Amino acid sequence: MKFRGKIVDTNCIHHFSNVVNTISKLVKTCIMRITEDKVFFILSERVNDGGAQIWCELPQSHFFDEFAMEGVSAESNEIYLEVAPDLLVRSLRTAHSAKWVKVKLTKKNFPCLTIEVDLPSGSVHQRLVIHDIPVSVVARKHWPDFTEPEMPRFDVSIAMPQMRLLKNVVDKMKNLSNYVSLSANNSGEMKVSVETDMASISTHFQNLFNPSWNKDNTQTQAPMSQDRDPQEFATSRVDIRRFAQFLNSQQVNPDRVICNVVHHRMLHFFLLHDDVSLQYFLPVVSR
Amino acid sequence: MLSTQRSDDDDQYMLVACLDNVRNVSTILKAIHFKDTATVFASPMGLKITVEDAKCVQANAFIQEAIFHHYVIKEEQLAFKINLTVLLECLTIFGSSSMPSGNTSLKMCYAGYGCPLILMLEEEGVLTDCNIKTLEPDDVLDFDFCSSNVINKIIMKSECLKEVFSELDVTSDILQILMSPDHPYLQFSTFGNAGSTHSSFPKDSEMVESFQCSQTQTNRYKISLLKPSVKALALSTRISIRTDDRGFLSLQYMIQTEDGQICFVEYYCSPDEEVDHNEES
Numbered sequence: 001m002k003f004r005g006k007i008v009d010t011n012c013i014h015h016f017s018n019v020v021n022t023i024s025k026l027v028k029t030c031i032m033r034i035t036e037d038k039v040f041f042i043l044s045e046r047v048n049d050g051g052a053q054i055w056c057e058l059p060q061s062h063f064f065d066e067f068a069m070e071g072v073s074a075e076s077n078e079i080y081l082e083v084a085p086d087l088l089v090r091s092l093r094t095a096h097s098a099k100w101v102k103v104k105l106t107k108k109n110f111p112c113l114t115i116e117v118d119l120p121s122g123s124v125h126q127r128l129v130i131h132d133i134p135v136s137v138v139a140r141k142h143w144p145d146f147t148e149p150e151m152p153r154f155d156v157s158i159a160m161p162q163m164r165l166l167k168n169v170v171d172k173m174k175n176l177s178n179y180v181s182l183s184a185n186n187s188g189e190m191k192v193s194v195e196t197d198m199a200s201i202s203t204h205f206q207n208l209f210n211p212s213w214n215k216d217n218t219q220t221q222a223p224m225s226q227d228r229d230p231q232e233f234a235t236s237r238v239d240i241r242r243f244a245q246f247l248n249s250q251q252v253n254p255d256r257v258i259c260n261v262v263h264h265r266m267l268h269f270f271l272l273h274d275d276v277s278l279q280y281f282l283p284v285v286s287r
Numbered sequence: 001m002l003s004t005q006r007s008d009d010d011d012q013y014m015l016v017a018c019l020d021n022v023r024n025v026s027t028i029l030k031a032i033h034f035k036d037t038a039t040v041f042a043s044p045m046g047l048k049i050t051v052e053d054a055k056c057v058q059a060n061a062f063i064q065e066a067i068f069h070h071y072v073i074k075e076e077q078l079a080f081k082i083n084l085t086v087l088l089e090c091l092t093i094f095g096s097s098s099m100p101s102g103n104t105s106l107k108m109c110y111a112g113y114g115c116p117l118i119l120m121l122e123e124e125g126v127l128t129d130c131n132i133k134t135l136e137p138d139d140v141l142d143f144d145f146c147s148s149n150v151i152n153k154i155i156m157k158s159e160c161l162k163e164v165f166s167e168l169d170v171t172s173d174i175l176q177i178l179m180s181p182d183h184p185y186l187q188f189s190t191f192g193n194a195g196s197t198h199s200s201f202p203k204d205s206e207m208v209e210s211f212q213c214s215q216t217q218t219n220r221y222k223i224s225l226l227k228p229s230v231k232a233l234a235l236s237t238r239i240s241i242r243t244d245d246r247g248f249l250s251l252q253y254m255i256q257t258e259d260g261q262i263c264f265v266e267y268y269c270s271p272d273e274e275v276d277h278n279e280e281s
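As you go down the protein sequences, you meet chains A and B in turn.
Residue numbers 1 to 287, in our numbering, belong to the letters of the first sequence in order.
Residue numbers 1 to 281, in our numbering, belong to the letters of the second sequence in order.
FYI, nobody ran anything at the bench for these hints, they're computed from the structure.
Bear in mind the structure is a predicted one, so any value in this text is a computation, not a measurement.
Among the hints, erroneous ones may be present.
Straight-line distance between alpha carbons at most 27 angstroms, and here's what the computed DSS-like set of lysine-lysine pairs gives [to be verified]: (1) K174/A <-> K222/B; (2) K203/B <-> K227/B; (3) K191/A <-> K227/B; (4) K55/B <-> K174/A; (5) K133/B <-> K167/A; (6) K48/B <-> K227/B; (7) K55/B <-> K222/B; (8) K38/A <-> K107/A; (9) K28/A <-> K167/A; (10) K174/A <-> K203/B; (11) K191/A <-> K102/A; (12) K174/A <-> K35/B.
Let the sequences and hints guide you as you build the complete structure.
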């Protein structure tokens with residue numbers, strides 16, 4: 001098993017640390033999956049722990065100037081590492097002005113992701129910061145636990161409203177209730193609401209964009225006929241802390257966040273920023 | 001905006017109050033937010049919100065009818081109890097920091113006894129509806145504090161008291177307030193683990209705007225009861241400190257809203273113990 005990659009472009013370094021930062025705000029540990037052409041950050045929680053799932057995909061060629069990897073074997077040419085994204089964030093903290101950043105899989109006393117950051121210096125001497133982040137290598141028999149979650153057959157797909165207001169609202173609601181219901185319809189309306197013994201509160205957003213998807217659930221521009229009554233709301237009630245965490249994790253400032261509602265089943269958030277895609281699956285919490 | 005949109009439905013409500021900038025109300029309410037529940041009294045004059053603790057301290061916030069740009073009440077007096085914490089979370093749902101981008105407007109409706117308080121907030125086209133349960137109003141304390149019994153009265157700028165109150169030695173159980181026509185005129189004292197502190201203000205200080213003391217009075221008040229008043233003090237520009245012949249304390253705070261209007265918050269507190277308050281000096 002071998003892996004080494006080098007990022008040279010400053011924008012790419014920033015972008016990469018922003019992605020890692022976003023992930024770190026959502027989870028304590030995740031799986032970093034390395035394949036020949038992509039790097040993934042994956043979370044697959046057990047149902048008992050909330051059942052949230054994250055699937056984040058980065059095409060390596062957009063970030064890395066040098067990228068070499070050799071998986072466990074020729075036929076399964078992949079590497080699965082369990083890593084704490086928070087440690088990655090910390091080791092990339094000095095990297096914002098770096099000349100280059102190298103990421104490689106090393107074996108000290110235990111397997112490590114070694115991050116080498118070359119900082120600019122006035123003199124001829126090189127200033128090199130090296131972080132060793134302990135990782136555990138995921139055995140091949142566990143790989144199936146981390147397959148890409150199926151895109152749900154959602155009832156409503158809607159673009160999220162501007163983040164600032166939504167964040168404030170959800171943060172306030174968090175003080176009142178543990179759960180939030182998110183509803184949306186195909187007329188560009190979205191509602192977030194909480195209900196407690198003392199009060200019921202709901203915030204309405206209007207004039208949002210309903211993206212059209214074709215049969216394979218891939219986004220298209222062509223409008224497609226909806227069998228569904230456009231006024232009818234689809235609702236899912238989720239853990240408000242997880243939702244707030246997701247809203248507060250946005251370090252990448254994506255152009256658009258799409259929320260897909262599977263009525264009474266789950267919320268599926270889909271972020272597309274340049275070439276990075278992030279999917280967040282939040283299952284409903286039953287009453 | 002909101003008032004014209006839904007004026008047809010307003011008939012069913014006993015109280016309808018609208019305002020353009022919700023922070024005018026929410027800041028005043030924060031000044032008395034030291035307990036979860038508050039009693040709201042609505043009259044044609046405006047709203048009075050009362051919070052009490054330990055049957056010894058009472059805070060009242062007055063939001064006069066003029067603060068609202070639209071205020072309609074169909075009865076002389078309406079009263080209900082409400083969870084103030086929830087009310088404040090709702091009022092500040094779009095964020096409490098002042099954003100240059102826009103104000104949150106509020107419409108508040110109450111249909112009468114047993115009905116919830118309905119809030120409609122709007123910012124940048126986003127609407128929030130809140131439905132807060134109201135509770136049976138409690139009897140509030142009557143401190144029977146009338147101006148004819150006032151012995152000592154000082155009106156001063158809040159500025160100088162902010163430090164005294166924000167740095168109160170909380171290891172002291174009590175705050176002693178001395179008011180006197182003679183030296184040291186006005187003195188705040190605490191007696192804590194690390195020693196005593198005394199802060200005195202001369203009567204000719206620039207900060208003192210009016211000084212009407214007829215007798216030397218030394219009264220002690222539980223610090224835990226007075227501590228919450230620091231919230232009102234922090235928002236206020238002027239404060240009036242009064243004590244009556246029983247040693248009861250009245251603190252009145254003048255608070256300027258963002259729109260430049262004046263609101264009042266008052267705290268009443270009963271003395272902790274009597275310390276020869278009739279002693280002549």
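How the hints compare with the structure:
1. K174/A <-> K222/B: Violated, because 34 angstroms separates the two Cα atoms, which is more than 27 angstroms.
2. K203/B <-> K227/B: Holds, at about 24 angstroms.
3. K191/A <-> K227/B: At roughly 40 angstroms apart (the allowed maximum being 27 angstroms), K227/B and K191/A break the hint.
4. K55/B <-> K174/A: violated, 32 angstroms
5. K133/B <-> K167/A: holds, 25 angstroms
6. K48/B <-> K227/B: holds, 21 angstroms
7. K55/B <-> K222/B: holds, 12 angstroms
8. K38/A <-> K107/A: holds, 22 angstroms
9. K28/A <-> K167/A: holds, 22 angstroms
10. K174/A <-> K203/B: This hinted pair is violated, its Cα atoms lying about 49 angstroms apart.
11. K191/A <-> K102/A: violated, 45 angstroms
12. K174/A <-> K35/B: At roughly 20 angstroms apart (the allowed maximum being 27 angstroms), K35/B and K174/A satisfy the hint.
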